[in-house]
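Use these hints to put chains U and P onto chain B, whose structure you have.
Protein chains in written order, with the working numbering: chain B, 1 to 291; chain U, 1 to 327; chain P, 1 to 482.
Honestly, the hints are just simulated from the structure, not real lab data.
These figures come from a predicted structure and were not determined experimentally.
You may find that some hints are simply not true.
[Said to hold, decoys possible] Chain B stretches covered by chain U per the calculated footprint, using a threshold of three residues with CB under 8 angstroms from any CB of chain U:
{"no.": "1", "segment": "38-50"}
{"no.": "2", "segment": "89-96"}
{"no.": "3", "segment": "129-142"}
{"no.": "4", "segment": "196-209"}
{"no.": "5", "segment": "220-234"}
{"no.": "6", "segment": "272-279"}
The C-beta atom is built at its ideal place from N, Cα and C for all residues, glycine as well.
Okay, here's what each chain looks like letter by letter:
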Amino acid sequence: MTKSRSRRITAIIRYTVLTIWAIVAFFPIYWMISTSFKIDTQWFAWPPVYFPDPPTLSNYLNVWLGAQEYASTQYAISSQTPLVSLLNSTIIATTSTLLAVVFGAVIAYGVSRYKILSEARMFQLLMLRMIPPIVVVAPLSLYYSALGLLDTMFGLILIYFLTNLPYAVWMTKSFIDEVPREIEQAAEILGASRWRTIFEVVLPLIRSGLVATFLFILILTWSEYLLALILSKTNVATLPVELSKYQGTTEGKVYGRQAALAVGITVPLMIVGLIIRKHLARGFSFGMVRR
Amino acid sequence: MAVATAPPARVAPRHSAREISRSRALNRFKWSIRAPLILLFSLVLTPVLLLQLYFSFHEWTVYLGSWWEAEFVGIDLFKEVLTDERFGWAIVRSLGFAMGSTIGCFVIGFALAYLMYEPFRGSAIYYIIFILPMLTVPIVVAYTAEMLLYQSGPVNDVISRLLGVDFKPAWLTDPKVAMPAVTLLEIWNWTPFSFIIMLAGLSSIPREPIEAAQILGASRWRIFWEVQLPLLRPVILLALVLRFLEAMAEFPKTWALFQGGPGSSTETIPVYIFLTTWQYFQISKGAALSYVAMILMVVIVLLAIQLLRREKRALDAMYSSKTEAAD
Amino acid sequence: MTVARITRRVFAEGGLGLTILNLMPFSKFSQALAQSTPEERVIAAAKGLTPTDVTGIIWSPYLVPMQPVIADFKKATGIGVGAVQDISIFDTPQRAMAEALSRSPQFDFIHIDSNMIPSLASAGYLEPLDEYMKKADFKIDAVADYATFMTFKGNTYGIPTDGNVHIQYVRKDLIENPDNKKKYADKYGKELKFPETWEEEYQIQETLMDPSKDLYGSGSLRNRANGPTWWYMMLYSAGGFPFDDEMKPTLNTPAGQYAVETYLREKKVAHPESGGWGTPQMIPRIAGGNVVACQYWDGTAKLNENPEKSKTAGKWLYGLVPGSDFSGKRIHRSISSPLAALLINKYSPRKAQAAYLALWLASGKNSIPIVSDRVNTFHDAWAKAHMTAEPVIKSYSAAGIKAIEANFQVVSPPVYLTGYLEFQDTLGKNLSEAYVGQLPAKDVLTKTENEWAAIVRRIGQRKLKEELASYKALMPKRDRPA
Chain B
1 MTKSRSRRIT AIIRYTVLTI WAIVAFFPIY WMISTSFKID TQWFAWPPVY FPDPPTLSNY
61 LNVWLGAQEY ASTQYAISSQ TPLVSLLNST IIATTSTLLA VVFGAVIAYG VSRYKILSEA
121 RMFQLLMLRM IPPIVVVAPL SLYYSALGLL DTMFGLILIY FLTNLPYAVW MTKSFIDEVP
181 REIEQAAEIL GASRWRTIFE VVLPLIRSGL VATFLFILIL TWSEYLLALI LSKTNVATLP
241 VELSKYQGTT EGKVYGRQAA LAVGITVPLM IVGLIIRKHL ARGFSFGMVR R
Chain U
1 MAVATAPPAR VAPRHSAREI SRSRALNRFK WSIRAPLILL FSLVLTPVLL LQLYFSFHEW
61 TVYLGSWWEA EFVGIDLFKE VLTDERFGWA IVRSLGFAMG STIGCFVIGF ALAYLMYEPF
121 RGSAIYYIIF ILPMLTVPIV VAYTAEMLLY QSGPVNDVIS RLLGVDFKPA WLTDPKVAMP
181 AVTLLEIWNW TPFSFIIMLA GLSSIPREPI EAAQILGASR WRIFWEVQLP LLRPVILLAL
241 VLRFLEAMAE FPKTWALFQG GPGSSTETIP VYIFLTTWQY FQISKGAALS YVAMILMVVI
301 VLLAIQLLRR EKRALDAMYS SKTEAAD
Chain P
1 MTVARITRRV FAEGGLGLTI LNLMPFSKFS QALAQSTPEE RVIAAAKGLT PTDVTGIIWS
61 PYLVPMQPVI ADFKKATGIG VGAVQDISIF DTPQRAMAEA LSRSPQFDFI HIDSNMIPSL
121 ASAGYLEPLD EYMKKADFKI DAVADYATFM TFKGNTYGIP TDGNVHIQYV RKDLIENPDN
181 KKKYADKYGK ELKFPETWEE EYQIQETLMD PSKDLYGSGS LRNRANGPTW WYMMLYSAGG
241 FPFDDEMKPT LNTPAGQYAV ETYLREKKVA HPESGGWGTP QMIPRIAGGN VVACQYWDGT
301 AKLNENPEKS KTAGKWLYGL VPGSDFSGKR IHRSISSPLA ALLINKYSPR KAQAAYLALW
361 LASGKNSIPI VSDRVNTFHD AWAKAHMTAE PVIKSYSAAG IKAIEANFQV VSPPVYLTGY
421 LEFQDTLGKN LSEAYVGQLP AKDVLTKTEN EWAAIVRRIG QRKLKEELAS YKALMPKRDR
481 PA
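The following block holds chain B by itself, in its conformation from the complex (with noise of 0.2 angstroms):
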């Protein structure tokens, strides 16, 4: 049988270009995760070695925990643990991304049923979230101290709020387009303020959606380098800021202090974004794509 000879052939092909995808996409990853279980000689060895042997935790307790002994086998170790670093983004991520998500719905509320918004508006709000940051760092900075906000968590919360809201504005807007009328027409009728009907009717309605939105824009924050480097000090540094001060030391670099601290970055967001990955094409598409 012709036909299902060919759709074996399709198979083959299909499952060996998935599969040598699938191991350039992981193996970044793998090594960065296997370097972190590596004991410092084999960090930069000559030849790579693939497999820690024998795998250590030392790089996780050193860094993370700030573990002494471990540290005074080679390397220094930073004068506060990254687990600062972690609260600071953890709560700089989350309140601005709410904030955002929050308001984000209100307005795509707001555009979705009274036009509040022209749609030539919501392009122009899109484009402030296309200029790239850089161009508006320095003079942020500077007005940013003028007003005593250089290093403060409202400071980045702020930032990261207006940046991400064009992001949360389009998302759930696309996700209230879907919300029938009919509901919150029964909802005024029976004599629901709108705040009311959009707190107690439409959100809830949008839950799943928003709760995609909230982690979707969560990944961007959690991620964001420049705006955190220089708006941040010692107060706030984030867990990326954190990151680059491993940067370079006498005796090498430090790959395996490194990549055990990008694991730890790395992982919550990977669990996010698998929570939510039937969501991320809407996210980055700005709700224009939708499955």
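Relative to chain B, chains U and P alone:
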């Protein structure tokens, strides 16, 4: 679509007291949303843009005095920036990088999506693995790349073993391969983006035209070119445009890996602006550079938005026809 | 439970009381004693200040070995170090400039390359330390004229913690190997021994390298960020100086061309990836036995001589960096960059506390444990007291310390002017482009001259002319060590 949006006040020539109060309430509601939005952006954005404008017309030498005492120099800074060869190369590099990585992401992402949009055994696992690179923090990508790409590092080692010949490009130190290396990283990092968008696009194409073509005996290839591809055009353009814009702004990977070197082979627009502003502290030149870069980006973004608006309408039409069909 | 808590509290208070009792007579004594130690004088001077924790920018590998010494100061005066911004010393200049621009009082001290002194002082960020030093009767007791590296326009702005001078490294086992000796003698008709000029060093690197065994001639850095450090040694030793008295760049001179030629020549004996390598890649190569000879920061000797971490312990010769006969007489010029020092923020409300802490850390006795730490090998010897101190000699080896002392006699700075970062990066970029083949060697100097002239114009020729004397004051007075 526009059922509830027409304000009754404008439609009815005469209106009852109740309608007036209703339209007032509506207006209040609209402004209570608009006002904080406008206020927030104007409080943060306006001073920043004004400061930027001030600096691009005043030469502030940071070692000599406060910024408000900077000397007015007219359009000298813009003249300097527009004749700056380094900036020209930075633009070329950024455009090359953005185009190269966008096309790379798209080709691979599309191929993967095409192989995956029909369900098959194991597709969920592939999907999960494929989106992982996108969920890696960019700065982590840079540091991991450094562990992978040194000359006798694992990537060259694996490829050499597979090919059986010595494969030894100096990814991180040869100026000719440095920019391609960042481009490949960007492709690795963001192929998932193109992939998920194309997958979503492919799976939302209506089945009927394809089935009709199959019944007419069209080959897979012809169906792809003549039925699927035209239907996918909006999604494709969207994936290309968004990726291109993001790539133009790429900073963490390029910076963490190369800081503009070796030589000046990885000085893209963001890197050059960063160097000028934060390494040389030529705040004024940095501001002028930023303005020029911003104008360039705005032009690109406006063009992109024209495209997006058109394609978004096509997409919305597609989704609404689909829901209607479902009804 | 309750009992235990009370006991602990009583104990703590008792301890506090005891400490105060201990310190009271001590401070009275120190005022009475004419023959007091520098440490006692610093404590006495800091006594009247409000006890507090100061904060600053400092990289953890530098801070960690200081911590026991800081703890002592805290016990004596109540002044300690709180949360710091922990970033790499190579990133600190940018962050410090950003602080200076915003005149922020947030940081009390900055631990940074001393070449940033002119820029930061011009931006009005630095507190002159002469008053504090007078009050504590404190002298920076550095080897040779090294203390001048802390001065700018007649004021002292920094307290050194890390000498970081370049010394010459040569693999002893390789140059004493009879086969190598013969090979070298056959080729050049002279004896294989410790190199004295750039030319000799190159000949040795070329003869002894063996890429098939992953052994390369040179381990000197040629990347964009660090390359200029090496280049200045070559320029100065050929009798060159980057500016004339009118602040016109004088790079495109015979001395400059010689320096570029010497600098680029090493590509032939260096690892193919050297154009992109910095310290993280190179130091493991040096200690790992993959390098024949190089100039490098002195701290690497500590690593090399530590058998737990190095494959080459005991296999090194240390000495003076190569010189040159180019100017007609033999001149040797070593370099110190980044020379890490503690600078004090003028806008800080705790500047006095930070200043005395800096003095405390830099006294001969207190700095010995800091520079001889074998785990965090970042701080390097710089004080006279270090040259004879047992723990320091032990960690560098006697030959290492001798080399450090010799190189300090001819140590020079990179461009010690306002705008250091700009001067340095344009030079670094052009040298790096030439090294990797993007820019013809002959264009390096003309291009750099043009770019430097633009920097001079922007910062102001008059202003820089006034600073030139401070720069020249740092240049060594001798051609070679006494």
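Here is what the structure says about each hint:
{"no.": "1", "hint": "38-50", "verdict": "holds (count 6)"}
{"no.": "2", "hint": "89-96", "verdict": "violated (count 0)"}
{"no.": "3", "hint": "129-142", "verdict": "holds (count 12)"}
{"no.": "4", "hint": "196-209", "verdict": "violated (count 0)"}
{"no.": "5", "hint": "220-234", "verdict": "holds (count 5)"}
{"no.": "6", "hint": "272-279", "verdict": "holds (count 4)"}
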